[in-house]
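Start from the sequences and build out the full structure, keeping to the hints where you can.
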Amino acid sequence: MNIPIFLAANLVTETAENFGFDVKIFLSQVISFVIVALLLKQFAYKPILAVLEERRQRIAEGLLNAEKIKQQLAEAEQRYQEILAKGNGEAQKMIDEARASAGVIAERKQQEAIVAAEQILAKAREASALEHERTMSQLKRELGRLVIDTTAKVTGKVLTRDDQRRLQEEASRQVAS
Numbered sequence: 000m001n002i003p004i005f006l007a008a009n010l011v012t013e014t015a016e017n018f019g020f021d022v023k024i025f026l027s028q029v030i031s032f033v034i035v036a037l038l039l040k041q042f043a044y045k046p047i048l049a050v051l052e053e054r055r056q057r058i059a060e061g062l063l064n065a066e067k068i069k070q071q072l073a074e075a076e077q078r079y080q081e082i083l084a085k086g087n088g089e090a091q092k093m094i095d096e097a098r099a100s101a102g103v104i105a106e107r108k109q110q111e112a113i114v115a116a117e118q119i120l121a122k123a124r125e126a127s128a129l130e131h132e133r134t135m136s137q138l139k140r141e142l143g144r145l146v147i148d149t150t151a152k153v154t155g156k157v158l159t160r161d162d163q164r165r166l167q168e169e170a171s172r173q174v175a176s
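Residue numbers (numbering that gives the first Met the number 0): 0 to 176.
Hints were generated in silico from the structure; no laboratory data involved. Hints may contain errors.
Derived lysine to aspartate or glutamate pairs resembling DMTMM-like cross-links, with alpha carbons at most 20 angstroms apart [claimed, not checked]:
#, residue 1, residue 2
1, K122, E106
2, K122, E132
3, K139, D162
Structural data, given as structure tokens:
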């Protein structure tokens with residue numbers, strides 16, 4: 000199917016005339032299209048691309064900021080946990096120190112109570128010894144008096160001071176041994 004070129008050109012020209020194709024109008028429309036395309040590119044497409052690029056950059060910045068915020072939040076959470084752990088450790092340390100201090104104080108109070116009890120016992124022993132001596136002294140005097148009275152009644156004579164003293168000393172020696 001080799002159609003000669005001149006027939007093809009003729010066929011195209013006929014078809015163009017049948018459909019109302021005019022080269023001058025076609026060229027003016029192509030020029031108008033190119034002018035409109037250039038104007039749209041210059042005044043519409045470039046600003047739209049600039050706005051889209053700016054928006055893309057803001058979104059990228061927002062994502063970076065969100066990532067930084069996530070990281071800071073994780074660091075803050077970690078610091079919070081560390082501070083909480085440190086606070087718990089210090090609180091436990093204070094509790095342990097309070098328990099130890101309470102133990103020391105209780106031990107000190109117990110020692111003080113023991114010392115006080117020993118002092119009370121010593122005073123009681125001393126008082127008991129004094130009371131024993133006083134009682135023994137009274138007993139010796141009373142025994143001496145009884146011996147003198149009894150001797151005076153048995154012998155029927157009045158004893159002199161020297162006799163009374165001698166009898167009291169003898170009775171005291173016998174009671175003491």
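Numbers of the earlier hints that this structure fails to satisfy, in rising order: Checked against the structure, the only hint that fails is number 1, while the rest are satisfied.
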